[in-house]
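Chains U and B, in that order, are what the protein sequence lines are. For the first sequence, the working numbering gives the first residue as 1, with consecutive numbering after it. For the second sequence, the working numbering gives the first residue as 1001, with consecutive numbering after it.
These aren't lab readings, by the way, just hints derived from the structure by calculation. Where is the CB? At the ideal position from N, CA and C, for every residue including glycine. Wrong hints could be hidden among the right ones.
[What the hints assert, rightly or not] Computed beta-carbon distance windows for the label pairs:
hint: 1; chain 1: U; residue 1: Pro252; chain 2: B; residue 2: Glu1046; range: 45 to 53 Å
hint: 2; chain 1: B; residue 1: Arg1233; chain 2: U; residue 2: Gly133; range: 28 to 36 Å
hint: 3; chain 1: U; residue 1: Asn162; chain 2: B; residue 2: Gly1075; range: 29 to 37 Å
[As the list claims (entries may be wrong)] Dumping the calculated SDA-like pairs for lysine to any residue here, alpha-carbon to alpha-carbon at most 20 Å:
hint: 4; chain 1: B; residue 1: Lys1268; chain 2: B; residue 2: Gln1085
hint: 5; chain 1: B; residue 1: Lys1268; chain 2: U; residue 2: Asp262
hint: 6; chain 1: B; residue 1: Lys1268; chain 2: U; residue 2: Gly209
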Amino acid sequence: MTSTPVDPPVGGPPPPPTTPGSEADLGSRRGRVVRELLGNPLGLVGGGLLLLVVLVAVLAPLITAYSPTEVDFDLPFQKPLTEGYPLGTDDLGRDVWTRIAYGARASLLVGLIAVGLAVAVGTPLGLAAGWWGWLDAIVSRLTDLMLAFPFLVIAVGLAAINGASLTGAAVALGISQVPTMVRVVRAETIRVKQLEFVTAARSLDASSGRILAQHVLPNTASTIIVQATVIMPVAVIGEAILSFLGLGIQPPTPSLGIMLSDAQQYIFRAPSAAIFPGVAIAVICLGFNLFGDALRDALDPTSRR
Amino acid sequence: MARYLGIRALQSVVTLVLSSIVVFLGVRALPGDPARALAGEEATPETLAAIRADLGLDDPLPQQYLAFLGQVLRGDLGTSVRTGQPVTELVAATLPVTLWLSLGALLVAIVVGIGAGVVAAVHRGRWPEWVANGFTLVALSVPSFWLGILAILYLAVGLGWFPASGFVPLREDPLRWAYHLVLPSLVLGTALAAVVMRQTRASMITALSTDYVRTARAKGMPRGKVLTRFALRNSLIVVVTIVGLQLGGLISGAVVTERIFGLPGFGKLTLDSVFTRDYPVVQAVVIVVTAAYVLINLAVDVLYSVINPRIRVGGSQA
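Please build the complete structure, drawing on both the sequences and the hints.
The structure is reproduced here in structure tokens:
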């Protein structure tokens, strides 16, 4: 999962030195990637699950009949498939389906913030470390330092300073994913650096910043995207863990982790309230894992089965 | 070899020093005035000033840092605000529980992960590989703590096979100690087993197609011997690295697992300290986890160079 991927050349033979990433080249490659994705049944299942999750999260107010925090003391512990409550209700009579839809929203939001942070911090550091040899040792120490703080420890620290919150959880998860992002981008930069079109750009006296932005970064993009699909499920589970422990999203805001933590207290009375949020987390993560695997296979011709 | 280990150890010391600075600054960023917390709300400015001077809070930051480092190195982690006990005692009392749990999970991950990975690689394209791949996918998508809740619901309470919660010290009763640790270890080890399996399978497939494996087979070396002697030994290098990288996740996972199974471990200490704002304990917890993590990674790298003598600092795997 967090292996340092061995990154073979992207898109087959290296592009001709004079037309690095020309429009025609990019177009045909994009077409091939899409064709490969559509031809991969597991990837299609993953993509379908993701589409479903995103739709549920975005359309939550439209496809649910209640407010996620609406308490109804007359109807606690309703069984699934009860009239009006497809997945039943929890101890406070709140609709489990409604809370799952809004909880999925929070999960994806935390995931997106974490991915954004990991990409925003990890990409420049990885590019710099791969490009300038003298920076490599410094960046390596920095990533070692970040790795020494597991996400739960960062979350504990942030919660101690600022109180637990969605943002704190997302930041903790994002920071913890920076080192892997740095390593992946660094490895890719070192590979691309030796390709002919970079040498050509150098001989044309292009500045390092320009080469990095115009030639190296676009060629590392697919690696970054694949890594993002790896981070998403980790962040979604991480959010659930932190909220479960009380270090993330705070009640009554719905979160899949909080739902599980609540449901554990009355698990023998209403096991379904503990089962559905877990299934929801599994569906989200399965979607990202399947789709991410398919995307990696499509972008990387040598890893195909 | 000695040179490599020396450089690697030096890097770990640098990381430890840097992380101690982060922790030190982080503690200074905590809300609230430690002097006021000690003296109480009605303290006179003079008392506060005296306490501040006593605690060295007026000293320049670098001097405060050195004093802090000196204390930590002497094993003095302060006193818990909540219980009044020395923090070192609290850590010593809870850490073994977590260590046993993590070792159990590691055992599960290595036995299940490497076993399934080898089977999947050897039976490539047939049903054992599909079963193993399916297991990996599900294990990586399902949160371990949900697995724990289900395990308690069905295996512990439903079938009554395991205790649902609690811990028995090893010295008291080894049998019941192991009995209480089986379920939590399985739950915590599952995700790691999936990662190990995936990696073992991939590197075994590569190793099995190499020339030296083919040569060994052609010379008439028995299949099992080729598998363990050559293919698996070379695959283990990558697996060791992956396990090392995942240990941070294991530490985080242990906190949740302890919470679900009611284990009185380091994770419980961590959560209790955060929720009661017991800052000396929070600080100690962070120091212990970071130090443990850095040292474990050093150990992993040493192990790595023992398995594969080709590895040196400055190689392709920095």
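Do the hints match the structure? See the list:
{"no.": "1", "hint": "Pro252/U x Glu1046/B: 45 to 53 Å", "result": "holds, 46 Å"}
{"no.": "2", "hint": "Arg1233/B x Gly133/U: 28 to 36 Å", "result": "holds, 33 Å"}
{"no.": "3", "hint": "Asn162/U x Gly1075/B: 29 to 37 Å", "result": "holds, 30 Å"}
{"no.": "4", "hint": "Lys1268/B x Gln1085/B", "result": "holds, 16 Å"}
{"no.": "5", "hint": "Lys1268/B x Asp262/U", "result": "holds, 18 Å"}
{"no.": "6", "hint": "Lys1268/B x Gly209/U", "result": "violated, 48 Å"}
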